[in-house]
Amino acid sequence: MSLFSFTDTVIRIRNRHNDVIPTMAQGVIEYKESFGADPVTSQNVQYFLDRFFMSRISIRMLLNQHSLLFGGKDKGSPSHRKHIGSINPNCNVVEVIQDGYESARRLCDLYYINSPELELEELNAKSPGQPIQVVYVPSHLYHMVFELFKNAMRATMEYHADKGVYPPIQVHVTLGTEDLTVKMSDRGGGVPLRKIDRLFNYMYSTAPRPRVETSRAAPLAGFGYGLPISRLYAQYFQGDLKLYSLEGYGTDAVIFIKALSTESIERLPVYNKAAWKHYKTIHEADDWCVPSREPKDMTTFRSA
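The sequence shown begins at 1 in UniProt numbering and counts up by one.
These aren't lab readings, by the way, just hints derived from the structure by calculation. Among the hints, a few may not be true.
Restricting the straight-line Cα-Cα distance to at most 27 Å, the calculated cross-link-like pairs of lysine-lysine (BS3-like) are [claimed, not checked]: (1) K195 x K32; (2) K32 x K258; (3) K242 x K126; (4) K32 x K277; (5) K32 x K82.
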């Protein structure tokens with residue numbers, strides 16, 4: 001088999017699995033509809049899918065890297081000649097953020113006939129006055145900011161629908177000696193503290209689910225996998241994604257990326273007996289008193 005034939009085979013394998021995420025999402029939905037969801041099952045599903053999707057990110061990174069480096073029918077764009085496969089040694093963070101905003105804005109305009117503006121500030125503390133550039137995979141960063149922009153725009157448009165005036169989404173980008181940080185702030189009303197962890201749960205979504213057949217249409221919201229998958233992309237190279245919300249005002253989403261490429265080491269799951277024991281562990285009762293997860297409606301409360 002020639003190199004080109006092998007590369008084209010790799011590309012076909014990669015493309016064959018393009019729909020894995022919506023397929024898995026549909027499976028989780030069907031499971032919930034058939035058997036319901038309890039805390040133990042939800043925790044096991046979360047553990048399994050985090051590791052499954054992280055492995056998928058790594059495998060697709062290898063497949064993309066090979067196909068872009070060795071050509072075949074899937075040669076890289078001439079405009080990306082400075083890339084090493086899918087890695088850009090001088091990834092311009094602001095440009096990627098602006099691309100993600102424009103893509104999310106087009107979707108928002110399609111759904112709401114309007115969209116919030118973008119206010120972007122950058123601070124290069126490492127090399128003042130220079131554009132912020134790091135060694136990174138632009139497609140990974142794009143995926144993260146695109147998902148965050150979609151969430152911020154949807155929240156902003158729905159929270160301020162009656163007013164007709166939509167506050168801008170503010171993005172601050174800073175580069176320090178250790179971390180590149182991207183903070184995205186919206187005024188979409190925020191979410192209660194008790195719901196923050198749910199936003200990263202594969203079995204939870206705040207939007208009506210789309211049909212799998214139409215999942216290619218890039219809905220503004222749907223399966224609820226945007227945030228957990230985006231967090232995995234951030235964690236893949238030892239970064240992270242965190243949410244901080246002020247209920248009644250808005251939400252800050254913060255992406256952390258390693259500023260030094262020498263520290264951007266793959267974070268991969270290990271499949272051993274310890275991982276297997278996770279599914280066999282008996283989850284005991286909590287040793288702290290836990291109030292109800294849902295607030296009581298005092299308007300319907302009656303004393304005995």
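Against the structure, the hints:
no., hint, in the structure
1, K195 x K32, "19 Å, holds"
2, K32 x K258, "37 Å, violated"
3, K242 x K126, "23 Å, holds"
4, K32 x K277, "24 Å, holds"
5, K32 x K82, "46 Å, violated"
Of the numbered hints listed earlier, those contradicted by the structure are 2 and 5.
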